[in-house]
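Heads up: the sequence shown at position 273 corresponds to 343 in our numbering, and the numbers run straight through without jumps.
Accuracy of the hints is not assured; some may be wrong.
[Claimed, not checked] What follows is a set of in silico ranges between Cβ atoms, one per label pair, in the way DEER data are often shown:
(1) 413 <-> 594: 43 to 51 Å
(2) 492 <-> 341: 38 to 46 Å
(3) 280 <-> 454: 55 to 63 Å
(4) 516 <-> 495: 23 to 31 Å
(5) 341 <-> 97: 39 to 47 Å
(6) 492 <-> 97: 49 to 57 Å
(7) 211 <-> 619: 32 to 40 Å
(8) 516 <-> 301: 38 to 46 Å
(9) 301 <-> 675: 23 to 31 Å
[Said to hold, decoys possible] No farther apart than 20 Å at their CA atoms in a straight line, the calculated lysine to any residue pairs in the SDA-like style are these:
(10) 523 <-> 500
(11) 606 <-> 703
(12) 530 <-> 353
(13) 254 <-> 278
(14) 170 <-> 147
(15) 254 <-> 211
(16) 280 <-> 252
(17) 254 <-> 353
(18) 176 <-> 197
(19) 448 <-> 473
(20) 530 <-> 466
(21) 232 <-> 213
(22) 553 <-> 696
(23) 605 <-> 694
(24) 368 <-> 353
(25) 444 <-> 471
(26) 696 <-> 535
(27) 530 <-> 518
(28) 313 <-> 78
(29) 523 <-> 488
(30) 535 <-> 463
Honestly, the hints are just simulated from the structure, not real lab data.
Ideal Cβ placement from N, Cα and C applies to all residues, glycine included.
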Amino acid sequence: MIVLQVNQLYKSFITDEILSGVKLEVQHRDRIALVGRNGAGKSTLLKIIAGQMSYDSGEIIIPKDVRLGYLEQHAGIDSELSIWDEMMTIFTTLKNQEQKLRQLEKQMADPSIYENTEQYTRITGEYDQLQHDFKDAGGYQYEADTRSVLHGMQFFPEDYDKPIRSLSGGQRTRLALAKLLLSKPDLLILDEPTNHLDIETLSWLEGYLKGYEGAILIVSHDRYFLDQVVSIVYEVSRTKVSKYIGNYSGYLEEKAKNYERDLKMYERQMDEKSKLETFIQKNLARASTTKMAQSRRKVLEKTNWMDSPDGDEKSANFGFTIERQSGNDVLSIDDLSIGFSKEEISTNIRMRVFREDRIALVGPNGVGKSTLLKTIVKDIQALAGDIRYGTNVHIGYYDQEQAKLHSNKSVLSELWDEWPLLNEKDIRNILGRFLFSGDDVAKSVNSLSGGEKARLALAKLMMQKSNFLVLDEPTNHLDLDSKEILENALIDYPGTLLFVSHDRYFINRIATKVIELSSTGSFEYLGDYDYYLEKKEELQELAAMQSLTSEKNTTEKSAPSKSTSMIDKDTKKRERQIRRAVEELEVKMNALAETIAVFEEQLCDPAIYSDHEKTLLIQSELNEVKQQHEELEMEWLELNDELEQL
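Turn these sequences into a full structure, and let the hints steer you where they fit.
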């Protein structure tokens, strides 16, 4: 069943064409992502579909019985009601039905009704039908559904009576999303729904949307989220919309193939065009060949030549370098307490940062991640504990709130005032690498969009040449293309990184360690985000097993115990078994370590790493062997732990 059809849609703002001949179709239960650069027209298209913006021509077809729900970017609820009462406004019809059911039940409880058969039949018939309708509409579960969605959005029973006007902007946005989800429209249209959500809430939202009964149309810059949720991608680029089947990663692969194909076709056409132009130029003036030249000129003029697949879209182009290398020990934190004045947010924080570490700091909203970064860069004073900086450490700090970018200076002056020894041409070249060109450099910093401020902040960060970058949500406000460029720049960065991000795709590409922050301390995981999730799940399972073992031991204590000699015999037998298993594992691990060394040596051979296919094959085999080695190592550690406890 089609819930939305867009045909030949055109939209312009004065002389700028935003959308041209757009076609888009949404079927029941489709999960569709709308992607493209900032300013490409994604939000414009959503607003047109939602009926909040007019369009020049074309048609939008939505069946009469289809309900649309639209959450625009930065939307928030403005209400005088409490959280719970505001959610209940969605279910007015159900509450009226419930009230009617109670009235009918009172009537049926009156003994006199049985004296009038006709009246009894009418009331019981009405009650049965209304009860059936009430049940089908979710009348017996709407309060449970409300609690579930509010919990997923991090609103708990103690919050239900809070007035909405007392909530922060981010909380109001989350509440607006919760209300829209509870209304269960046939087509759910979401513009950047992942803003203001921490990783735990994002994971919950992914699961909810996967099981959602209706269709979903999403604009999001969260690639991990898109990979988990969507199965169709529409790309908005150069006023056109192109369709790709698959999730975001599938879209990237398909787009790359299409680009290679289009580039070859374009080069072939340009070669053909060049030959025609050369022939015309040489032969048009000659009497003997002028007719042939004129004929080919007509072909040249009538042919619909391809546009370059690169188009006129520009990408930022930058990298981070360091002026001087730091010592091996970059940062040491012991028993740190952070917060404001005497209000502690998190305590007992311990951290060791070494040169070239790439550390992601994760944890729920409000646990103090940004506060910790501000404490490290000395914007906020520590409440207790010790922070020690290594030799030659030069910190570069990226603030997610862009607190230092609120001047009336021009973009050019913002950079030039800090590096006055550079000439204007050099400053303009640097700004050009961050997509500030022409009149853009004369814009007031205060008038810049979020994305432009982010790019200007990154330009200043690049100029500092710091050897330790502390980044607070660096991918906020960046489109997907800019995110990828930032990632590549950070991967090539020769210094040390400590960053906070809710972008799990970004964490996976950059991080070599993950530190989870809680109100009572910090815990370090050696690996990327996926590894952190896996190890965290393992630790939770281990804790559950230990709890069961503890209960079992308590039960066994009350039962008749074995004799001491029998216990000793069993212990020695188990000890021998473990030692044999440990020895076997060590032999296998040594063999795998030798294989890893051979593969790594091969990858350093110029004859091999110049062969792309052979390199990929060896790398794949190396990854597989490393995975086997890691699994054996985990088993070895578990057995040794058991051995120590015997």
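inquiry  = For each hint given before, does the structure comply? Return the numbers of the non-compliant ones in rising order.
reply    = Checked against the structure, the hints that fail are numbers 1, 3, 9, 12, 14, 17, 22, 26, while the rest are satisfied.
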